[in-house]
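Asks: Protein chains in written order, with the numbering used here: chain W, 1 to 112; chain D, 1001 to 1112.
Mixed in with the good hints, there may be bad ones.
[Claimed, not checked] Here are some of the chain W residues that sit facing chain D, going by a computed Cβ distance under 7 Å:
id, residue
1, 32
2, 40
3, 42
4, 43
5, 44
6, 46
7, 89
8, 93
9, 99
10, 100
11, 101
12, 102
13, 104
14, 105
No lab work stands behind these hints, which were simulated from the structure alone. A virtual CB, placed ideally from N, CA and C, is assigned to each residue, including glycine.
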Amino acid sequence: GESVGLHLPTLSVQEGDNSIINCAYSNSASDYFIWYKQESGKGPQFIIDIRSNMDKRQGQRVTVLLNKTVKHLSLQIAATQPGDSAVYFCAEVLNTGNQFYFGTGTSLTVIP
Amino acid sequence: ETGVTQSPTHLIKTRGQQVTLRCSSQSGHNTVSWYQQALGQGPQFIFQYYREEENGRGNFPPRFSGLQFPNYSSELNVNALELDDSALYLCASRLQGRYGYTFGSGTRLTVV
Chain W
1 GESVGLHLPT LSVQEGDNSI INCAYSNSAS DYFIWYKQES GKGPQFIIDI RSNMDKRQGQ
61 RVTVLLNKTV KHLSLQIAAT QPGDSAVYFC AEVLNTGNQF YFGTGTSLTV IP
Chain D
1001 ETGVTQSPTH LIKTRGQQVT LRCSSQSGHN TVSWYQQALG QGPQFIFQYY REEENGRGNF
1061 PPRFSGLQFP NYSSELNVNA LELDDSALYL CASRLQGRYG YTFGSGTRLT VV
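Please construct the entire structure, taking both the sequences and the accompanying hints into account.
Replies: If you want it as structure tokens, here you go:
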């Protein structure tokens, strides 16, 4: 499969601080990227996505940045809250949506 | 409530047996995909179905097969189970042309 990896397997942040989760991907032909959040015992939950022709997209408290030059993706969470504690995955979409690859994940812990 | 329901939630099978996992997709979602998630890893793409035909496949052997039905339900079948098949199996559905999958909570399969 394709290689989608994360730089840091764990991240701890203080409540109220901003969090940055990074992801490297290997296929320059990827069409689309998605960040998912997975809480214990649940399936992944969609957070935000970005097309390959964009370099930034903002949602509610979250921003995704895409740097195609270095094949790097990041998720920024503003004012991190305890409810943000989960494992975060980036996913790479290829072949017009017919192939879908997740990274290993980063475990985010928010310290109250 | 994600709109994607998987059954059973947990299952124990013996090596060499066959297993069928079931998924009821969100109404109107004509594309379904299945993933294998080992403990501490990201979901691995198994395959995708659109209008009852497989249109994308990850790096899994042919003993992993699927079916999609007109009523938005689908199945994952695994033959000749191996110990390494023990994992959480996730089903996800979406509208064709949209990339935001909705995931179920998964079936935890243990092969002994």
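Asks: Hint by hint, note whether the structure agrees.
Replies: Now the hints, each set against the structure:
1. 32: OK, holds: residue 32 of chain W within 7 Å of chain D, min 5 Å.
2. 40: This hint is violated: residue 40 of chain W lies away from chain D, its Cβ roughly 11 Å from the closest one there, beyond 7 Å.
3. 42: holds, 5 Å
4. 43: holds, 3 Å
5. 44: With a closest approach of 5 Å, the residue 44 of chain W hint holds.
6. 46: With Cβ-Cβ at 5 Å, under 7 Å, it holds.
7. 89: Nearest chain D Cβ about 5 Å off; hint holds.
8. 93: holds, 6 Å
9. 99: holds, 5 Å
10. 100: holds, 5 Å
11. 101: Interface hint status for residue 101 of chain W: holds (6 Å vs cutoff 7 Å).
12. 102: Constraint on residue 102 of chain W satisfied, holds at 4 Å.
13. 104: Interface hint status for residue 104 of chain W: holds (5 Å vs cutoff 7 Å).
14. 105: holds, 5 Å
The structure shown violates just one earlier hint, number 2.
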